[in-house]
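Novice: First to last, the sequence lines map onto chains C and P.
Here the numbering used here runs 5 ahead of the position in the first sequence, where the first position is 1.
Here the numbering used here runs 552 ahead of the position in the second sequence, where the first position is 1.
There's no promise every hint is true.
[Unchecked claim] Here are a few chain C residues that face chain P, going by a calculated C-beta distance under 8 Å: (1) Gly47; (2) Leu50; (3) Tyr53; (4) Ile56; (5) Thr106; (6) Gln109; (7) Phe111.
To be clear, the hints were calculated from the coordinates, so they are not data collected in a lab.
Positions of the beta carbon are idealized from the N, C-alpha and C atoms, including for glycine.
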Amino acid sequence: DGGITQSPKYLFRKEGQNVTLSCEQNLNHDAMYWYRQDPGQGLRLIYYSQIVNDFQKGDIAEGYSVSREKKESFPLTVTSAQKNPTAFYLCASSISISTATYEQYFGPGTRLTVT
Amino acid sequence: ILNVEQSPQSLHVQEGDSTNFTCSFPSSNFYALHWYRWETAKSPEALFVMTLNGDEKKKGRISATLNTKEGYSYLYIKGSQPEDSATYLCALYQAGTALIFGKGTTLSVSS
């Protein structure tokens with residue numbers, strides 16, 4: 006089955022630790038995205054990648070880092086510099102970022118809790 | 553940063569009621585508007601992608617219209633069913649970058 010997988014579903018970390026969220030897609034999509042959702046907020050863009058070895062900051066990139074070494078993988082690291090890391094994180098992909106009509110496909114999300 | 557507004561934030565209807573909600577966006581440099589449905593414990597899924605002013609799209613009991621000149625889109629659900637309960641997100645496409653999402657409208661349909 007084609008789709009996007011995120012692991013784990015729930016993640017717990019102590020404050021001060023870096024943590025990496027996994028996102029893998031087998032849709033052969035060029036573009037991948039990371040969003041964060043907080044209660045009462047919409048999906049806010051953290052980082053996006055148009056192609057392998059390229060990525061751009063979104064609206065709330067501070068305290069996060071990403072890599073795109075393979076087309077199918079776009080891991081997100083939440084660093085200790087992120088002041089409020091507890092949130093629900095969604096990964097998405099699309100065929101390309103350059104065409105307005107390409108819809109995004111989403112993973113199931115990871116709920117991160119930092120105490 | 554462009555702003556995409558959705559209203560109402562939430563609504564509750566009875567089974568069989570028809571309902572609609574609004575997505576507002578800046579009308580300048582418009583390319584496309586996306587609608588997604590996000591059911592609890594599932595991933596968001598695309599409903600419609602709309603590009604042309606006056607466009608109307610339909611999928612079963614759900615339809616959407618687009619007015620790019622005044623910067624709004626309506627999503628209609630005819631004869632709501634409990635399975636329509638979800639958060640409905642609209643998102644504006646910006647050229648060469650990612651979608652900008654509204655905060656969503658959460659619909660609850662009771663039987």
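Novice: Does each hint hold? Answer for all of them.
Specialist: Now the hints, each set against the structure:
no., hint, verdict
1, Gly47, "4 Å, holds"
2, Leu50, "5 Å, holds"
3, Tyr53, "5 Å, holds"
4, Ile56, "12 Å, violated"
5, Thr106, "5 Å, holds"
6, Gln109, "6 Å, holds"
7, Phe111, "4 Å, holds"
Violated hint: 4 only; the structure is consistent with all others.
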